[in-house]
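Asks: Going down the list, the protein sequences come from chains A and B. Position 313, counted from 1, in the first sequence is what our numbering calls 313; the numbers after and before it change by one each time, with no gaps. Position 131, counted from 1, in the second sequence is what our numbering calls 10131; the numbers after and before it change by one each time, with no gaps.
It cannot be assumed that every hint is accurate.
[Claimed, not checked] Straight-line Cα separation of at most 30 Å, DSS-like style, residue types lysine-lysine; simulated pairs: (1) A:Lys871 <-> B:Lys10107; (2) A:Lys265 <-> B:Lys10107; (3) A:Lys564 <-> B:Lys10108.
[To be verified] Estimated spans, in silico, between C-beta atoms of each pair: (4) B:Asn10047 <-> A:Ser766: 49 to 55 Å; (5) A:Val511 <-> B:Asn10047: 15 to 21 Å; (6) B:Ser10044 <-> A:Arg968: 44 to 50 Å; (7) B:Glu10033 <-> A:Arg400: 23 to 29 Å; (8) B:Leu10114 <-> A:Arg400: 38 to 44 Å; (9) B:Phe10013 <-> A:Pro480: 48 to 54 Å; (10) B:Leu10118 <-> A:Ser766: 37 to 43 Å; (11) A:Lys564 <-> B:Leu10102: 18 to 24 Å; (12) A:Phe357 <-> B:Ala10020: 40 to 46 Å; (13) B:Glu10033 <-> A:Asp556: 38 to 44 Å; (14) A:Thr877 <-> B:Glu10033: 49 to 55 Å; (15) B:Ser10044 <-> A:Gly817: 53 to 59 Å.
Think of the hints as simulated: they come from the structure by calculation, not from any bench. Here a beta-carbon is modelled for each residue, glycine too, at the ideal position from N, C-alpha and C.
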Amino acid sequence: MTPMANEKTGASNFPGRPAASPFAAAPPTMTPFLSSAPVVGSEASGYTAFPPARFNVPSMSSPPSSYVPQDVGSYQNFPTSHFPPAQPVPPSRGTPVGQPGLSPSVLPSSGQQILPPPPVSFRPQPQIPLVPMGPPQNVPHTPPRGNVPHSSLEPSFPASRSTMQPYLQGYPNVQANPASQVPSARSPFFAQQGGYVPPPPVAAPMGVNPREQMQHPGAVPPVGPFPGLLEEFQSLSFGSVPGAIDPGLDSKALPRPLDGDIEPKSFIEKYPLNCHPRYLRLTTSAIPNSQSLFSRWHLPLGAVVHPLAEAPDGEEVPTVNFGSMGIIRCRRCRTYINAYVTFTDGGRKWSCNICAFLNDVPGEYFSYLDANGRRTDLDQRPELSRGSVEFVAPTEYMVRPPMPPLYFFLIDVSVSAVRSGMLEVVANTIRSCLDELPGYPRTQIGFLTFDSTLHFYNMKSSLTQPQMMVVSDLEDIFVPLPDDLLVNLSESRNVVDAFLGSLPSMFQDNVNVESAFGPALKAAFMVMNQLGGKLLIFQSGLPSLSIGRLRLRGDDHRVYGTDKENALRIPEDSFYKQMAADLTKYQIGVNVYAFSDKYTDIASLGTLAKYTGGQVYYFPSFKSTVHGERLRYELARDLTRETAWEAVMRIRCGKGGRVTNYHGHFMLRSTDLLALPAVDCDKAFAMQFSLEETLLTTQTIYFQVALLYTSSSGERRIRVHTAAAPVVADLGEMYRQADTGAIVSLLSRLAIEKTLTHKLEDARHSVQLRIVKALREYRNLHAVQHRLAARMIYPESLKFLPLYGLALCKSTPLRGGFADAQLDERCAAGFTMMTLPVGRLLKLLHPSLIRIDEYLEKGSVKADDFKNFSKMLPLSTESLDPRGLYIYDDGFRFIIWFSRMLSSAIAFNLLGVDLSGFPDLSQVILCERDNEMSRKLMGLLKRFRESDPSYYQLPQVVRQGEQPRESRLLLANLVEDQNGGTSGHVDWILQIHRQVQQSA
Amino acid sequence: MAWDLFLWLISFFVSMALLAVVIYQLICLSDLEFDCINPYDSSSRINAVVIPEFIVQGTLCALYLVTWHWFMFLITAPVMYYHLRLYMKRQHFIDVTEIFRLLNGEKKHRMVKLAFYLLLFFSVVYRLVATAVISLFDDDDIRVPESRVF
């Protein structure tokens, strides 16, 4: 049996399709209508000029008029759905009576369907002949029915057939009662029509898949819904005995995302006015129209929003300034004007696409409409022609004057911070970034250092040297100076420079081991709360004094597996939550940099970042010689990347839908308003939708993300992303339009949130359960008709979902138990994953593993040459050749794996040490050496880094067999392997398959 | 008898106060839901009355136990147990950072508590009136049989 097959089923396999139907029309001369007409041409014209033809037919037995439009509608829609690049059909187009669920804009997801787009066209057009359609001789077993009398019941077949067509494509609701169609079908014209409708590939799938045909003997009339038949799904076959020890599942055939993340293209093609998927990705681009359908979609229904995503050159978000007119918004729902609004009444009114309210167009904004109802000035108005746009906000959008960019540094100067070299690297990096801080000349800056006391620095511009003030009263914090602790950078530049230059030497002999973090945080808050801004915390030990003191926890492995386990992952002291809430209230965003070889309680410290829109940088066992470069890069990026200050974000959703849950780093200020004191281009947010009404009546639903923020230049702006998605009545369509990336992103956020209230095992289990439920539902859609009992079937769009699910269960925040990852590492990874945009998350879950020794030896230095050598390998030990050199890149670090039998020349060239001497590779730093191979490797790493500028991938070198580093760095991350009690890829698939089949 | 009357009078005012407190909290929560108040104010207002409520309710419960009013004690005991558990788990305060996620649960708990307080209130009113009538009749030296005026 083939291990994997593409099951492409066409409409031809449909059981209900009367096999005879194509022939009903075969004898054209039999019909009275056609007998008076030339054979082909008249058919074409007769078809296209359909309504008049109907009335011309004399022998027609007065069909109820309601049936006719129904047929027309379905007929028109049928070809529509075969057209992958079809232009968006105006959603407002009236649906024919009797076809409530029919959405004209529903398209097949992939172009891989067997059915070639029938040339029939989309709307009946007279000039297109219908001849090439379905040659009847392709149906081998249909008896020729040249003598079909059109008068009796016979024509009912074609009729039911033509109405069945849209229905075949997955509209269970469109169930048109064949019996009721009979009257209208009396018309010989319908017989005619039926004969020409047949989808072309009648023969092809039949030959491929005779089994299907056997199942469905010819003329069985359709009973019950048969959705999604034109769908392509994939299946994995297992051995004849499912569950046998060797299931015969070929691990090579399993789908793997070796090309990384692919943004959903079809969606943007279908809705060219949507914002780019880098800003907004829906988990499925087909929104269910009813609660019952929604409840059958077991995956999360939601979106991942990345409002400030970096756009490549030339695709920047256009800025619009309405000037004195004010920003045009819907009066009722406050939606911003966007490309999907419609203008009516000669351009004097516009109708809101979210709430359908009719608004007046302001006089200055008025423009005439052309014949198509489009504004004549459409090209000059980016807000009406682009999915993403940025409005310059007038003063109504400010509660206070726009704040200047403000950076405040809270730096631990205790002995561990000094010894590890952290202090020096931080001071030097800040100093080198001073010129690049955004917002010159308004930028403000301030510093506070602490060990067991707090040190404030007066950096008034009139001073030449900063003045240090020490406060040792930790119980009753006060700020020694009312101002001058925060200074304007351009004015006090010399003082700041002098301070940063002397900071490392000031504390180099410090032997203080205590950390008064809590009081220092409070003091920083008191200094900053006038303006807000960004607070960068550099902490290299456990807070040990006064308020906010934390204690060692997480050492006790007995806690794991009990109900108290999750308490380790939530902040221990309510001080941190309260501080986080206060910080957000005063527009202070916190980024936490933690450096320690010992337990630092990231769970508590990270809370500060979690509710203020910040992020956590964790450098375990920081050594400036090893990790210095990473700290330098990431701190510099943090300081210089484009940042949006005092921001709020809101997602509006069309009528009937509602955004319910939000996941990410922010604080909710009201039920649907996300407060983001400082947000930048590396943060993404996820949210889930629910349906408010039991049945959505619209055919398209719109989403609008609006981020109101102060730019570094001091301008208040609103960034608006708008997207439309079709509302569908069919589960199969939802699966076709699913976006694995967004689903995995939401699943991982949900799972990480679950680890805060439940055991790790429960969180992993919930991931698996969701995948199983989703696949089971999909199986129920298809398995019965296709007799795929021993096969695992899944939609093309979700083919990577099981593997990503496995990778998620093995990711740092969720993996194993006590021994598999340190508590701090777990929490830090959890905080990071809660902010990652889709692409980076997928890279982290399924890193790339590439063999590079051949390239280093043979390839040329040219940029594109590497492509010939690079091939992403499956993440299992089988991929590792004991003679190779591999690079493992998860977006956060490079792990370079030297195999045991790698020629020592390569190792020496790259590392400058002889591997045979078994040196301690953890201390080896990969740097450029004076030989071509090393230069090539460095060029390679540089190129990898350029593809993802948000983090610095620190290269780590490991040799095969070097335990325990090898297993910690690489082997534990090979997700397809079975290690430490976790299942391997094949096992996992089998496990899922078995669970899908249970009670399926 | 005068002592009894005094007890019911106190109970009357206390249960009124408890009702008022829990209604106040519910109003704060629903104001928050409809965006009339920000989460910081809402949670600080609610948190300000949580501990007084716990103390007053606990005292009342203890008072019933001491004065041997079994029925009243049984009405108040479940709420006291609930308060005690919240306090032990340190979940008695509203968490401002997660308030929207917990909003529905918090409201539901307070509704149930409101029902308990209403029950308490009506039984207290009944007892109060009964006691008052009896003591009034006592003053007039008219003996009322066991079947009371109600």
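Asks: Each hint needs a verdict: does it hold in this structure or not?
Replies: A quick look at each hint next to the structure:
Between Lys871 (chain A) and Lys10107 (chain B), the direct Cα distance comes to roughly 56 Å. Violation of the 30 Å bound is thereby established for this hinted pair. Taking the CA atoms of Lys265 (chain A) and Lys10107 (chain B), the gap is near 44 Å; set against the 30 Å cutoff, the hint is violated. The suggested pairing of Lys564 (chain A) with Lys10108 (chain B) holds, with an alpha-carbon distance near 26 Å, which does not exceed 30 Å. In this structure, Asn10047 (chain B) and Ser766 (chain A) break the distance hint of 49 to 55 Å, their C-beta atoms being roughly 32 Å apart.
Between Val511 (chain A) and Asn10047 (chain B), the C-beta spacing of about 42 Å breaks the proposed range 15 to 21 Å. For the hinted restraint 44 to 50 Å between Ser10044 (chain B) and Arg968 (chain A), the CB-CB distance of approximately 46 Å keeps it satisfied. A hinted range of 23 to 29 Å for the beta carbons of Glu10033 (chain B) and Arg400 (chain A) is consistent with their spacing of about 27 Å. In this structure the hint that Leu10114 (chain B) and Arg400 (chain A) lie 38 to 44 Å apart at CB holds, the actual value being about 40 Å.
As the Cβ distance of Phe10013 (chain B) to Pro480 (chain A) is approximately 50 Å, the hint placing it in 48 to 54 Å holds. The given range of 37 to 43 Å is respected by Leu10118 (chain B) and Ser766 (chain A), whose C-beta atoms sit roughly 39 Å from each other. The hint said 18 to 24 Å for the Cβ distance between Lys564 (chain A) and Leu10102 (chain B), and at roughly 21 Å that hint holds. Distance hint check: the CB atoms of Phe357 (chain A) and Ala10020 (chain B) are about 41 Å apart, consistent with the given range 40 to 46 Å.
At about 40 Å, the beta-carbon gap between Glu10033 (chain B) and Asp556 (chain A) stays in the expected band of 38 to 44 Å. Hint check: Thr877 (chain A) to Glu10033 (chain B), Cβ distance near 54 Å, so the stated range 49 to 55 Å holds. Between Ser10044 (chain B) and Gly817 (chain A) the beta carbons are some 40 Å apart, a value that contradicts the proposed interval 53 to 59 Å.
In the structure shown, a violation is registered for the earlier hints numbered 1, 2, 4, 5, 15, in ascending order.
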